[in-house]
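Chemist: Sequence:
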Amino acid sequence: MRTTVDIPDPIYRELKSKAANEGRSVKELILRGVQIELQLRHKRRGRPVKLPLVRSKQPGTVVLDNAKIFEIIPFP
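Per this note's numbering, residue 1 is the first one in the sequence shown, and the count goes up by one each step.
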């Protein structure tokens, strides 16, 4: 599929220079960048991180010191 993308001149000059230094075309570098971005997006969709729930007597405020953190989160 063909598309048109506006790339600012300074960025395009840098892109063209990089492509020439690597012996590649500008098109190859752009496609590689798009592929990397799509792969990163798929990797980010991993399992959600479960954080410990810290209860507070006054919701909205939590005062923690190191001792309380070690009680909440088991460290090996």
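Calculated directly from the structure, the hints in this document are not laboratory data. Among the clues, some could well be false.
Unchecked claim - Pairs of lysine-lysine, BS3-like flavour, derived with a Cα cap of 30 Å:
| id | residue 1 | residue 2 |
| --- | --- | --- |
| 1 | K50 | K68 |
| 2 | K16 | K27 |
| 3 | K57 | K68 |
As the list claims (entries may be wrong) - Listed next, with one range per pair, are the computed distances between beta-carbon atoms:
| id | residue 1 | residue 2 | range |
| --- | --- | --- | --- |
| 4 | T61 | V5 | 15 to 23 Å |
| 5 | Q39 | D9 | 22 to 30 Å |
| 6 | R2 | K68 | 17 to 25 Å |
| 7 | P59 | S25 | 54 to 62 Å |
| 8 | V26 | D65 | 52 to 60 Å |
| 9 | T3 | L51 | 52 to 60 Å |
Heads up, the beta-carbon is just placed ideally off N, CA and C, and yes, glycines get one too.
Chemist: Evaluate each hint against the coordinates.
Modeler: Hints, one by one, checked against the model:
1. K50 - K68: holds (19 Å)
2. K16 - K27: holds (10 Å)
3. K57 - K68: Since the Cα atoms of K57 and K68 sit roughly 14 Å apart, the hinted pair holds (cutoff 30 Å).
4. T61 - V5: 15 to 23 Å: Cβ of T61 to Cβ of V5: about 48 Å, so the range 15 to 23 Å is violated.
5. Q39 - D9: 22 to 30 Å: holds (29 Å)
6. R2 - K68: 17 to 25 Å: Cβ of R2 to Cβ of K68: about 59 Å, so the range 17 to 25 Å is violated.
7. P59 - S25: 54 to 62 Å: This hint holds: roughly 58 Å between Cβ atoms.
8. V26 - D65: 52 to 60 Å: holds (55 Å)
9. T3 - L51: 52 to 60 Å: The hint (52 to 60 Å, Cβ to Cβ) is violated, given that T3 and L51 are roughly 40 Å apart.
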